[in-house]
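There are 2 protein chains.
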Amino acid sequence: MQGAVLYGPRDVRIEQRNEPTIVKPTDAIIRMAATCICGSDLWPYRGIARVDQPTPFGHEYCGVVEEIGSAVAKVKPGQFVVGSFFASDNTCPICKAGYQTSCVHRELVGGAQAGRLRVPLADGTLVATPGMPPDDLVPSLLAASDVLGTGWFAADAANVKHGKTVVVVGDGAVGLLGVLSAKQMGAGRIIAMSRHEARQKLAREFGATDIVTERGDEGVARVKELTEGLGAESVLECVGTQESMSQAIRSARPGGYVSYVGVPHGVQLDGTGLFFSHVHLHGGPAPVRRYLPQLIELIWNRKIAPGKVFDLTLPLAQVAEGYRAMDERRAIKTLLRP
Amino acid sequence: MQGAVLYGPRDVRIEQRNEPTIVKPTDAIIRMAATCICGSDLWPYRGIARVDQPTPFGHEYCGVVEEIGSAVAKVKPGQFVVGSFFASDNTCPICKAGYQTSCVHRELVGGAQAGRLRVPLADGTLVATPGMPPDDLVPSLLAASDVLGTGWFAADAANVKHGKTVVVVGDGAVGLLGVLSAKQMGAGRIIAMSRHEARQKLAREFGATDIVTERGDEGVARVKELTEGLGAESVLECVGTQESMSQAIRSARPGGYVSYVGVPHGVQLDGTGLFFSHVHLHGGPAPVRRYLPQLIELIWNRKIAPGKVFDLTLPLAQVAEGYRAMDERRAIKTLLRP
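So the protein lines, in turn, are chains A and B.
If you want the numbering used here, it's the 1-based position in the first sequence plus 118.
If you want the numbering used here, it's the 1-based position in the second sequence plus 118.
Worth flagging that the hints you see were computed from the coordinates, not collected in a lab.
Computed from a predicted model, the values in this text were never measured in an experiment.
Certain hints may be false.
Treat identical chains as interchangeable: a pair holds within one or across any two.
[Unchecked claim] Straight-line alpha carbon distances no greater than 30 Å define the calculated DSS-like cross-link-like pairs of lysine-lysine that follow:
| hint | residue 1 | residue 2 |
| --- | --- | --- |
| 1 | LYS142 | LYS319 |
| 2 | LYS279 | LYS214 |
| 3 | LYS142 | LYS426 |
| 4 | LYS142 | LYS421 |
| 5 | LYS421 | LYS194 |
| 6 | LYS214 | LYS282 |
| 7 | LYS342 | LYS421 |
| 8 | LYS342 | LYS214 |
| 9 | LYS421 | LYS279 |
| 10 | LYS192 | LYS301 |
| 11 | LYS194 | LYS279 |
| 12 | LYS214 | LYS301 |
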């Protein structure tokens, strides 16, 4: 089958790879309906995170189960399923507490930018849709696999509640779906920080009430102006840099909540500053599995359309152009059709 | 009147100071029933935090209202009151959310190691007891002013709930009262980290079920052993150093809660490590005012005896010996009688 392989900075290639097979009795093999490129794939693509050897890439997926291992009991061949980037048993105490991405048996799913994929711990990891989805729902179901689930976790971890004021730092696909999630959770006011016109437009469509284009001190000052000098009750940090983290913490009011969902790159937090900010801080790899049943239901019933973040669709064979378009910010997010 | 003044490292003196007077119409003057020395006073006493000029010291107090400003309406002369180290209006949005130590009008209360004290924003800051307390309740009421309120906030911010497993890092008065607070909140298991026999004994008396004497990697390993390899659901960091913060975060399970209530000194948090720890992190200057009515009630009805942390009582004139005893860890906490 064809699959994307990252060789090094800005060198992603489509190659002939072996078909996946059942390795453990808890595995399933799925045929990909669609896959995509994640903002986090850009860190190694840009050489900021290192890959030591040619690595099959991609971790977002949805599709039809083709084969299951002998110990798989819940997932059945023929089902359309969505899963997350960490496979999880969904039965350990950490999973039961809703932190499936820290499951004691977790396994990273990799190589999803391909025609077929092996998913470990299939019963715990995969969630089936109510039936075979119409084609126009596939992008939104694919979004649930990571980027929507991550935006949703960001909003949840930032304690977004009815009527509250929310700031979203980052206008990538996760930030934009953080806006959508905050809207679904009843936020009264959603301030999106963005300088990019197309992204501002989508942010407004997803529920943003205010756009702040300033950054750094000016950005914080603008948020304070919009919140009676206090800062926001909830702030979603959806980038992962020192600047965005600082921006997020300083945009929250004392007693407020800051979530962070992008893998931090070179971020150091000063203990004293954090102490006197008085914020709640929570984040980490989003436990998408916790939210999948709810997110699939919202998508299935057409209450939300997170698939709108895909503003570029390419055949899998053109994966290299998909990375380039995101790297150059010509595309918010690239969907790949195997 | 007599009052303690810090001149520099290990140089605290008792001096004749001017009697406090009403400066603003929202002030009250109280006659101190008792005051004490805080663990946080030891940072400047040891020269780790700097004082630039001779500074009246102390911020823990309870006593009888002697005089009120013209705008004070709730607090009345003759009442016995307890207040916290930050005066707060208790009406701003931050106070209403329970973060009185970040009140938009907050003022630091200082110079409480003295016979009398001016308290700003008296109506918002001071809470009256149901009547004049018997003398044996005074130490516990004094503890409510800071050290108990801080331990209580630590337990609350670490989401201590019925039946949960709690770790307390730090066996100072705040850590010990964190144990007491966790017990009151129904914790099922309370692991106190302490190497000091007298403090271990008090920790057990306050509700600790396990004592861990190891520190660093060994301490973390011991906590993991006691928690099925997962770490604790709630961890209270009651010291404020890099080591104790790291110890606390590594002792919590993914999805768990870590609180920190000691002003951090030289603490830097690595963003990536924090991200993958998956913990909730919350702390800051404890909003003691939020808890004062409840804590006073528990003390008044003799449900808790936090005053037991005072294992040394001295006349105010011997304040220097009080600091020395705490600095050398001969005393957990020194109560001063004016």
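Hints versus structure:
{"no.": "1", "hint": "LYS142 to LYS319", "in the structure": "neither (46 Å within a copy, 51 Å between copies)"}
{"no.": "2", "hint": "LYS279 to LYS214", "in the structure": "both (23 Å within a copy, 17 Å between copies)"}
{"no.": "3", "hint": "LYS142 to LYS426", "in the structure": "neither (36 Å within a copy, 58 Å between copies)"}
{"no.": "4", "hint": "LYS142 to LYS421", "in the structure": "neither (37 Å within a copy, 56 Å between copies)"}
{"no.": "5", "hint": "LYS421 to LYS194", "in the structure": "within (27 Å within a copy, 57 Å between copies)"}
{"no.": "6", "hint": "LYS214 to LYS282", "in the structure": "both (28 Å within a copy, 15 Å between copies)"}
{"no.": "7", "hint": "LYS342 to LYS421", "in the structure": "neither (32 Å within a copy, 43 Å between copies)"}
{"no.": "8", "hint": "LYS342 to LYS214", "in the structure": "between (38 Å within a copy, 18 Å between copies)"}
{"no.": "9", "hint": "LYS421 to LYS279", "in the structure": "within (19 Å within a copy, 35 Å between copies)"}
{"no.": "10", "hint": "LYS192 to LYS301", "in the structure": "neither (33 Å within a copy, 42 Å between copies)"}
{"no.": "11", "hint": "LYS194 to LYS279", "in the structure": "neither (37 Å within a copy, 39 Å between copies)"}
{"no.": "12", "hint": "LYS214 to LYS301", "in the structure": "both (27 Å within a copy, 25 Å between copies)"}
In terms of the numbered hints stated before, the structure departs from hints 1, 3, 4, 7, 10, 11, listed from lowest to highest.
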